Amino acid sequence: MHALKDYESVVGAEIVEELRLLSEKTKGLKVQNVNSTAVGGGVAEILNRMVPLLRELEVDARWDVIKGGEKFFKVTKKFHNALHGKAEEIGPNDFSVFLETSEMNNRSLELAGDILVIHDPQPIALIQQKNKLNAKWIWRCHIDVSQPDERVWNFLRPFMDRYDGSVFSAPSFSQELPIRQFLISPSIDPLSDKNKELSEETVRGILEKFQIDPEKPLVTQVSRFDYLKDPLGVIEAFERVQKNVDCQLVLVGGEASDDPESVEVLARVRERAAGNPDVHVLAIPSGSDLEINALQRGSTVIVQKSIREGFGLTVTEALWKAKPVVASAVGGITLQISHKYSGLLCRSVEGAAYAIKQVLQNPEYGKRLGENGREQVRQNFLLTRHLRDYLLLFLALSHEGDIVRF
Amino acid sequence: MSQADPFHFYTRLHLRELTGLKAKNLTELAAHLETVPGSVVYHHTHHFLQQHQYLSPEPPNDFAYWVTEILQDKRLGERLASINTCDFKTIRELREKILSTIRGYLEKAKDLREAPEGEEFHLVKSISFVFPTPYSVSNLEEFAAVLKKITIHSIYFHMFEARIRLEKGTNDFSLWLEGLGEKELAQKIARLDPYTHTMEGLRTKVIQLVENRIRKAGRG
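Taken in order, these protein sequences are the chains called A and B.
If you use my numbering, the first sequence corresponds to residues 1 to 406, in order.
If you use my numbering, the second sequence corresponds to residues 1001 to 1220, in order.
Extracted from the complex, chain A is given alone in its bound form:
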């Protein structure tokens, strides 16, 4: 685990000093985070890094996890998909399962603190304990709810509306709500295995391990095998590019889990890729952070052709490595990429192909996009900025007005 001081070399000593100055106003606050899983997934990853740094800044931060059986998590997975706008069969029984487990957690989970930060829909019903505590309650929504399934959204609304405030990752996720809504972008940790600097030999070694030619231009998409990430669309776009440019494609994601959809998507992607020796489909164990880092660093252009996206941290990772990125104009991606300035946005297979080709044919242009992208991330999407936003959020809960003076 890294200390704040370690980030000085990346963001500048003055930024860390400013964080310490800010933390004088939040010193001693008791903040309890609750989510649904201690390992795996973006939320756990960010809490793992954020909680120790908050503690270093003398915020008494803790993190707890709700309990739930297989049935509950099946239901919350359906909720998750439905909130992303995907058609799901959801019946009255699903809502009952959700409420029963929520009630069990409300009985067993001890809540305390000045501020409670409840992450995502799974633990949202903990708000039923609001009257028991003299605390401010925040619902931190990490998912894209720009076009949510109305049944699920309306079911969650009475819980949501009782919070003192909510946090979303992109402006397009906000709806008109009776509570305050803050915009906090997620972040990446520049010192983690997934993002730290790597030597050329390491990058080369890993490319060769996956039988990728280090000399040939490489187009990469890093994402789980999911229809929402449109891996088949990426292959189609790549094959259009291939007609004019000799290059190779890597689609890399977690290996098939017990998620039946992911198994199906991976099988279809493999089938589609068969017969094209320049398309590499890599399903690798979760936690292969160094490998992902090297594949990103070894790429000529990185693609994220998602149909829906929460924030798109894979885009942030790619920009941080100063790579030109071609990505769909969805969710938080539009916050990260200003078209033709820090990357290229697309809206179709044809558009993606055209943009990839542009970058491959004009390396200098790609380099400039990549460099702008890296600075954009340095200023806005690193862990230190995220930490600062959290401290400001804590202050906003207890201070009125659009200009708060200390």
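Please keep in mind that the hints were generated in silico from the structure rather than gathered at the bench.
Owing to the predicted nature of the structure, the values given are computational and were not obtained by experimental measurement.
Just so you know, even glycine gets a beta-carbon here, dropped at the ideal spot from N, CA and C.
Watch out, some of these pointers could steer you wrong.
One-sided excerpt, in silico: chain A residues whose CB lies under 7 Å from chain B [claimed, not checked]: (1) Ser172; (2) Ser174; (3) Leu392.
Dock chain B against the given chain A, drawing on the hints supplied.
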């Protein structure tokens, strides 16, 4: 050089608050702009300064960017991009100018372009938190030294927020320098168009002006 109170450096950090309001065309945007708080107009005309400190994308304000890139209306986009924020002393005046530019265009517009789904303009407001830093200075040498090590957020606060959001008429540095008897230097800094510099570029420029003055006074 006359005596003046020391200059205390402050810094300003901001948090973005969502309004839940969005516009898919210019009529909707104009309607929202009439009613939203000034902190929304402030956010969309200023956040790029702190978000892109090394290189600014063109066009720089969100209204111009959205009109140019999403509505694909380059003519109006250019008009919005060329509104010179320096010409306005308050956010109210700036809002009026943006609104009259859009309204004037709408009166003549033949067709109303719509943003594709998912690319509507989302109205966001900016909440500022202003803190004192440990730095205070009494002369030009000390001033230049702190300018070199303070965060860009502090320079931003004194150069932009103090002038237009706190409605001081000019930037804090120039106000203090006037009091110090450095009228010419104060005017030189006030005359810079800070919106056409990147934040790092602006830092360098101000330091350069101060150091030139120190040299000229034979103290460098």
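Hints, verified against the model:
1. At its closest, the beta carbon of Ser172 of chain A sits 6 Å from a beta carbon of chain B; the interface hint therefore holds under the 7 Å criterion.
2. With a cut of 7 Å, the hint placing Ser174 of chain A at the interface with chain B holds, because the nearest CB-to-CB distance is about 4 Å.
3. The interface hint given for Leu392 of chain A is met, as the beta carbon of that residue sits about 4 Å from the closest beta carbon of chain B, less than 7 Å.
Figure legend: structure checked against the earlier numbered hints; every hint is met.
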